[in-house]
Amino acid sequence: AQTVTQSQPEMSVQEAETVTLSCTYDTSESDYYLFWYKQPPSRQMILVIRQEAYKQQNATENRFSVNFQKAAKSFSLKISDSQLGDAAMYFCAYRSSDSNYQLIWGAGTKLIIKP
Amino acid sequence: GAGVSQSPSNKVTEKGKDVELRCDPISGHTALYWYRQSLGQGLEFLIYFQGNSAPDKSGLPSDRFSAERTGGSVSTLTIQRTQQEDSAVYLCASSRTYSGNTIYFGEGSWLTVV
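Protein sequence lines correspond, in order, to chains Z and Y. Residue numbering for the first sequence follows the numbering used here, beginning at 245 and increasing consecutively. Residue numbering for the second sequence follows the numbering used here, beginning at 54 and increasing consecutively.
Read the hints as simulated data drawn from the structure, not as lab findings. Note that the structure is a prediction, hence the values are computed from the model and not measured. Quick reminder that beta carbons are idealized off the backbone N, C-alpha and C, glycines included. Hints may be right or wrong, so weigh each one.
[To be verified] For each label pair, taking beta carbons as the anchor points, the in silico distance ranges come out as: (1) Y/N105 x Z/K358: 46 to 52 Å; (2) Z/I356 x Y/Q136: 40 to 46 Å; (3) Y/N63 x Z/Q300: 43 to 49 Å; (4) Y/D71 x Z/K314: 31 to 37 Å; (5) Z/K314 x Y/R117: 40 to 46 Å; (6) Z/K314 x Y/T66: 29 to 35 Å; (7) Z/A316 x Y/K68: 28 to 34 Å; (8) Y/V127 x Z/E273: 30 to 36 Å; (9) Z/S256 x Y/E73: 25 to 31 Å; (10) Z/M255 x Y/G69: 23 to 29 Å; (11) Z/E296 x Y/G81: 18 to 24 Å; (12) Y/G112 x Z/S272: 31 to 37 Å.
[Unchecked claim] Some, not all, of what chain Y presents toward chain Z, calculated at C-beta under 10 Å: (13) E97; (14) F118; (15) G161.
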């Protein structure tokens, strides 16, 4: 069975600096999707970035980018120029590419932004 | 609609009462998901709908939990005879299809059983 591990329960960063959140996963599949979701106090899960395993190029979305290391089964999220609005819980999630619809979730990392 | 809509946003109920939580998915999304998130925890899968049918109900914690979806759109999650351990945020999500597409979440219904 697939598992997702986020080893950092909490991270803090100074505003405008860069922070990296780590995520590792375990799977025997070769094709799958990986996601980072952000959950602010409003509770809504907001998709931050998505990576298809068959793509070697790391996904980027403005200040957010990932370091996808397929062989190492690592999927870290880098947030550049951190802003106060980035403060939230960040969840890493795995999804198989076939009809397995379930997302496998990490436990989350709480990101604190220091002004 | 523009996003996944859930109601009520917050619900406080007495132990033993029944509650209904509603989810209105993004228009055109055929797949709908219910998750539960206890305080400080990750997401726990409850049930998934493809159209009006629920191929997998294995995540429902007990027979007090049920869900239905009508017209391939709105879904209702019902919890009968609520218990204090049912207190959690219930998140609904939808996706265009069930395979390989991004899942979009609502803001959740925060249930407190007292």
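Hint check results:
The beta-carbon spacing between Y/N105 and Z/K358, approximately 49 Å, falls within the hinted interval of 46 to 52 Å. For Z/I356 paired with Y/Q136, a C-beta distance near 34 Å fails the hint of 40 to 46 Å. Separated by about 45 Å at the C-beta atoms, Y/N63 and Z/Q300 satisfy the suggested range of 43 to 49 Å. Look at Y/D71 against Z/K314: about 47 Å separates their beta carbons, and that is not inside 31 to 37 Å.
Z/K314 and Y/R117 have their C-beta atoms about 42 Å apart, which keeps the hinted 40 to 46 Å range intact. A C-beta distance of roughly 46 Å is found between Z/K314 and Y/T66, which places it outside the suggested range of 29 to 35 Å. Hint check: Z/A316 to Y/K68, Cβ distance near 48 Å, so the stated range 28 to 34 Å is violated. A beta carbon spacing of about 33 Å between Y/V127 and Z/E273 agrees with the range 30 to 36 Å that was offered as a hint.
Checked against the hint of 25 to 31 Å, the pair Z/S256 and Y/E73 fails, with Cβ atoms roughly 40 Å apart. Checking the proposed 23 to 29 Å range against Z/M255 and Y/G69 shows it is violated: the Cβ atoms sit about 41 Å from each other. Z/E296 and Y/G81 have their C-beta atoms about 22 Å apart, which keeps the hinted 18 to 24 Å range intact. At about 22 Å, the CB distance of Y/G112 to Z/S272 disagrees with the hint of 31 to 37 Å.
Given hint, Y/E97 at the interface with chain Z, holds; its Cβ is 9 Å from that chain's nearest Cβ, closer than 10 Å. Restraint check, Y/F118 versus chain Z: the minimum CB separation of about 17 Å is more than 10 Å; hint violated. Given hint, Y/G161 at the interface with chain Z, holds; its Cβ is 4 Å from that chain's nearest Cβ, closer than 10 Å.
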